[in-house]
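Protein chains in written order, with the UniProt record's numbering: chain A, 1 to 207; chain B, 1 to 92.
Computed footprint of chain B on chain A, listed as stretches where at least three residues anywhere in the stretch have a Cβ under 8 Å from a Cβ of chain B:
1. 35 to 47
2. 51 to 59
3. 134 to 140
4. 174 to 187
These are calculated hints, taken from the structure and not from any lab test.
These numbers were taken from a predicted model, which means no experiment stands behind them.
Think of the CB as a built atom: it goes at the ideal place given N, C-alpha and C, for glycine as much as any other residue.
Residues per chain are reported as follows:
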Amino acid sequence: MTATSENRNEAQMIASILAGGNTHEFHDLIQPYERSVYSMALSMLQNEADAEDAAQEAFLKAFRNLEKFRGEAKFSTWLISITLNEARSRLRRKKTAKTESLDELQEGGHVSPALLRDWREIPSEALERQEVRLLLQDAIGDLPLIYREVFVLRDMEDLSVNQSAEALGISVAAAKVRLHRARLMLQKRLAPQLKQVMPKRRWFPWF
Amino acid sequence: MVLECKHVWEHISGYLDGTLDAAVLEDVQKHLEHCEICSAILDSTRNILILTADERVFELPLGFSERLHARLEAEMRGPRGTGEEIGEEGDS
Ligand SMILES: [Zn+2]
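Extracted from the complex, chain A is given alone in its bound form (with noise of 0.2 Å):
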């Protein structure tokens, strides 16, 4: 999501939204973060509908809110960061938060990948298969939390490691761990499955 934006002159655009009138240019404004905002939401709340929900309710804030934005930070930084607040104020209305605590107790405790020797190819038209894109999403959505963030946003919405963590609040060097860690766990997880579920013919290798 970085690319489009900073193309486009975000600041003027919000001025003059701000200035009055000009109200309109805020769909022009959200349009590139649209499809962000709602996988945050989704990836965190794990329901479409809820997700479609409080990604409006983000972009209502947001619109609401507007004049607050200083532009220190990036508009996109500080739009996740309101979906993340919704998303998370969510959770904790439907307690459905109350194993995460646990899981963050384990912070400090060590992953260790798949042991696989051959799978090294890439699933080719994995996407194509509802099959993959569930396993893919049941993954992600197991995550605790805590990892599932960010690695929601560096490595599925493509902020930079700075943007990510300065979206969730914490130390760089914070979420860097975070991100190893969901990503190795996410390994551990994935590449069995998707080396069963996808015949080995359709792939292609990496290289």
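For this one, chain A is given, so just place chain B with the ligand on it according to the hints.
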């Protein structure tokens, strides 16, 4: 310095992100050259990152954008808090 596998695993993210110190990178690369297990772990991790970065993993529901912008329109036009649009702006 000769690295054990489990130490190489700690550097997989740094390796993929290209953020390892030159000295560590060299050790890791040396290890990867002869260790099939670690290179398979590296490749599978990289492949999973490629798969999950695919936009289709979390696809926008049909009509998402339309519903969002309709709700924003209502917010922009209507008075805050009520969710209702009362009256016209007066032109026409
Ligand atoms: Zn090894």
